[in-house]
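Enquirer: Below, each chain spelled out in residue letters.
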Amino acid sequence: MNVLVVRTGTANLASVLAGLTRAGGRPTLTDDPDAVRRADRVMLPGVGAFAAALVELRARGLDAALRERITAGRPTMGICLGMQLFAEASEESPGEAGLGIVPGTVERFRGPGVRIPQLGWNEVIPQTGCRLLQPGHAYFANSYRLAQVPAGWHGALTTHGEPFVAAFERGPVLACQFHPELSGAWGRALLTRWLEAGERIC
Amino acid sequence: MLTHRIIPCLDVRDGRVVKGVRFSGLRDAGDPAERAAAYEAQGADELVMLDVSATPEGRATAADTVRRIRAVLGIPLTVGGGVRRPENAATLLEAGADKVGVNTAAVENPALISEIAERFGRQCAVLALDAARYADGRPGWEVVTQSGKHRTGRDAIAWAREAAERGAGEILLTSWDRDGTRSGYDTDLLAAVSGAVQVPVIASGGAATSAHLAEALHAGADAVLAASIFHDGDYTVVRVKAELVSLGFGGRIRL
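In order, the protein sequence lines correspond to chains A and B.
So the first sequence is numbered by the working numbering: it starts at 220 and just counts up by one.
So the second sequence is numbered by the working numbering: it starts at 74 and just counts up by one.
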């Protein structure tokens, strides 16, 4: 199952590629917007800063290509910062516009005694309507989070100080705050379900 | 709720896992990729690989070892040892590390922490902090470097705070007094550091039993690292987690 992985500059690419391979995918890297438009499946990984990733995406016209295929409901997955880029903005980079696929601003964790960044395994609790997301523990590495599941999407929640969005899905489009490629057997099974969801649709 | 992490540590020299007390009297403890896969299957939450090679040839092997581990490992991997420049971090991340630990070089050049954090993200920048009680009996702990050979005289708590301000996303805190002694973690040190910083703190040095791990978590550690108890086969990760649950801790249990 072919999957195109978008080069965003500073992602933990080796882990993403290895994770997709173990899940049954055949990943290749790209920074070509036309390839992103055509691909059966596209993965937007993300480690690094909100603004830096957007500058990189816009410089190559990848932002428009991603927005088009996600809006059209084609198999696409965002991981960690890749999920946050779906939003309109982030407190991490004030004034920088996100892809704007879902409403809302990504905010920093807050509250007394909350360790930042959140590093570790947290419980993923899917709300009704989720098909790809199942209950389990996933590995998170983030300082910012989306507080509410966007309207029109099915989400899973978790808690670090306060409840926040662990992931959201619509058809074969899946955006995860956690790292499925680092979430052991549970994460590998999720990647496989997403790869296969693309198979049914393409 | 975030669960406490159990982190086996692989000390790797020239492509092999080694074990020993304070890096002396090293004994072979197997193939790194095989050990890594076995620990993930047991339910390890994360792995740390410390490259303890003494030669440039050994250092060059480290990236290959990371590549071999990454191919089989589906949990996070932190790699430390010999990282002196952001380019060293880039090499390890490209090979498959998710986080990079800096130690001696960061004490000598604290800007290294911010350089790695800015380029790869805070969550990639781990400060490996080795601390020992002051030799002259003063209260508190000093930073030690060069695998314990050099006592800096620098206050360990202040250094932890400075490193977090400079962008370290996590602190791997090793008690040099306890490392290899099997007498338990230095819980006073853990409480002092985890109270001084907002970033997560990993306890290291001295673990021999599940009760030691529980003490570290009670003292404020977010995660516990151990090497010899797992390598020697005294404990599996499964057993440690089951015992921690019986002591009242939640966890990510896979049996």
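Don't read these hints as lab results, they were simulated from the structure.
The structure presented is a predicted model; accordingly, all values stated were derived computationally and were not measured.
Glycine included, every Cβ here is placed at the ideal spot set by N, Cα and C.
Each hint should be verified, as a subset may be incorrect.
[Claimed, not checked] According to the in silico footprint, chain A covers these stretches of chain B (three or more CB under 8 Å from chain A):
| id | region |
| --- | --- |
| 1 | 141-147 |
| 2 | 203-210 |
| 3 | 225-235 |
| 4 | 268-277 |
| 5 | 283-293 |
[To be verified] To list a few chain B residues with every Cβ distance to chain A over 12 Å, as calculated:
| id | residue |
| --- | --- |
| 6 | E113 |
| 7 | G116 |
| 8 | A117 |
| 9 | T128 |
| 10 | E130 |
| 11 | R132 |
| 12 | T134 |
| 13 | A170 |
| 14 | A184 |
| 15 | Q196 |
| 16 | E243 |
| 17 | G253 |
| 18 | D261 |
| 19 | D305 |
| 20 | S319 |
| 21 | G324 |
Enquirer: Please list, smallest to largest, the hint numbers that this structure does not respect.
Expert: Violated hints (numbers, rising): 2, 3, 5, 6, 7, 8, 13, 15, 16 and 21; every other hint is consistent with the structure.
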